[in-house]
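Residue numbers (my numbering), protein chains in the order written: chain A, 1 to 250; chain B, 1 to 268.
Heads up, some of the hints might be wrong.
Said to hold, decoys possible - The calculated label-pair distances, taken between Cβ atoms and stated as ranges, are:
no., chain 1, residue 1, chain 2, residue 2, range
1, A, R116, B, I102, 44 to 52 angstroms
2, A, K12, B, G257, 22 to 30 angstroms
3, B, H90, A, Q129, 36 to 44 angstroms
Source of the hints: derived by calculation from the structure; they are not laboratory data.
By construction, the Cβ of each residue, glycine as well, lies at the ideal position given by its N, Cα and C atoms.
Residues per chain, in single letters:
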Amino acid sequence: MIALQVENLCVKADNRHLIENITFSVEDGKIIAIIGPNGAGKTTLIKAILGLVPYETGKVSLFGRPFRNSHSDLKVGYVPQRLEFDRTIPLTVSELLGFTLPPVYTIPFLKRKGTREHIDGLLNVVGAQALAQRSIGSLSGGELQRVMIAKAIVNDPKILFLDEPASGVDIEGQERFHDLIKRLNREKGLTVILISHDLNVVYRYSDKVLCMNRKLICTGSPEETLTDEVIKSMYGEMMGAYIHSCHDHD
Amino acid sequence: MTMISEFISYPFIQRALLASVMIGILCPFVGNFVVLRRMSFYSDAVSHSAFAGIAVGALLGIDLSVSSIVVAVLVAVIIAFLSEKTGLAHDTVIGIAFSGTIAAGMLVMGMLKGYRADLFTFLFGDILAITEKDLLLIFIISILTVIILLTFLKPFLQITFNRDLARVEGISVRFFEYLLFLIIAVVITVSLKIIGMILVTSLLIVPAASAKNLASSMKRLFVYSCIFGIVSGVMGLAVSIYLDTSSGPTIVLVSVGIFFLTMLKRAG
């Protein structure tokens with residue numbers, strides 16, 4: 001089954017194309033990595049798919065249905081590249097996850113049966129069980145990313161959008177984070193759309209890669225798609241050498 | 001003790017006490033969103049726009065509470081609409097609305113004939129002049145506001161945390177933002193008679209800011225802010241009666257005192 005279908009997507013700003021005629025699809029239960037140089041329009045692409053920026057032309061459908069902002073039943077999880085929020089907000093991790101849980105229109109501070117267990121179980125999955133009562137603003141980059149993953153999967157979504165989710169996290173944290181995504185993909189059958197600059201991550205974790213620089217350059221399995229020419233055309237000569245080291249590691 | 005019970009036996013003191021408790025809960029409850037979403041300037045603009053509403057009401061001979069609510073709500077909608085549609089910075093739009101409504105209010109005030117003491121009640125507030133009708137209005141608005149905010153607290157807090165995440169999770173950000181703008185406008189205007197146009201914003205912001213100094217969770221933020229609001233209202237009223245000072249400024253000064261105490265606790 002096709003989880004995500006994007007057809008001829010164009011986003012313009014100030015009469016300039018930010019992304020142009022992007023067409024691709026993602027099968028259910030697969031991990032697709034989106035790569036491209038800075039300013040290639042990767043974040044714009046994800047935001048356009050999610051309805052956070054308007055698109056000029058094109059069509060986006062999730063599991064065969066047109067995607068609209070307010071379709072909460074489609075169950076989409078999203079971890080943005082830079083999460084902007086007031087760090088002084090007195091909000092605990094447990095409260096944040098609780099606010100995301102259904103039912104939406106209810107008094108949130110009332111104790112509901114099973115909520116606590118659900119949140120604890122979720123934090124356990126992402127290795128953040130000790131953070132439940134911590135203030136969200138006091139978390140380190142790695143801790144926050146784990147909590148944001150927990151928030152993204154709290155409603156058992158079918159598809160996860162991750163925009164450079166491990167940026168700002170130390171190397172060990174990045175490794176743990178990507179292993180977690182892979183585990184969720186395997187155990188829960190999550191479809192994952194992942195933006196990454198790290199070609200090692202692309203090789204190790206993704207089933208499919210989409211290379212873009214405002215337009216779609218190529219798409220396919222990492223091994224077949226990421227040729228020297230493609231990498232050089234996107235990142236320049238230096239990355240051509242890097243690609244060999246990625247291959248060698250695998 | 002005899003003096004206190006004697007004072008409490010006066011109906012106007014009873015009404016003032018009830019009003020201070022209701023406003024002490026209502027303003028900080030809504031004020032938490034004003035503080036968390038950094039909307040202090042917006043609430044100032046709305047309270048000052050009520051000045052134009054009061055002036056128009058006096059000119060047309062209609063109820064000043066009604067005219068101030070209508071104009072404040074109208075200004076709230078215009079601010080929300082222009083911010084969304086023009087792409088101008090939010091504070092720019094608010095600044096334009098702020099100065100525009102003050103100018104309109106002054107212009108209309110100039111057209112009024114004779115001295116109007118009732119207008120000064122809205123400017124500086126007088127909790128001791130609260131009528132039963134005012135009390136009923138405050139009660140209805142308080143109940144409605146608390147019900148709406150509690151029912152929609154999850155989406156409001158999700159939007160407060162991060163608008164994009166809220167939108168992806170299926171929350172109609174636009175609807176709830178307009179709703180919050182309207183609630184703030186209504187709460188400000190019903191509080192005008194108690195605290196006055198000039199100081200009303202402080203009752204929204206100061207107890208909420210004090211609570212934020214101490215609270216480690218959202219639940220505590222709401223509980224603390226309402227406690228600080230009630231204490232400010234009741235203690236401010238008592239002090240103003242005892243010292244024979246203006247009630248509005250005294251209530252605000254008590255809340256500011258609580259704020260500095262919470263700052264000490266936070267620093268400690």
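Going through the hints against the structure:
no.	hint	result
1	A/R116 <-> B/I102: 44 to 52 angstroms	holds (50 angstroms)
2	A/K12 <-> B/G257: 22 to 30 angstroms	violated (55 angstroms)
3	B/H90 <-> A/Q129: 36 to 44 angstroms	holds (39 angstroms)
When each numbered hint is compared with the structure, a violation occurs for hint 2 only.
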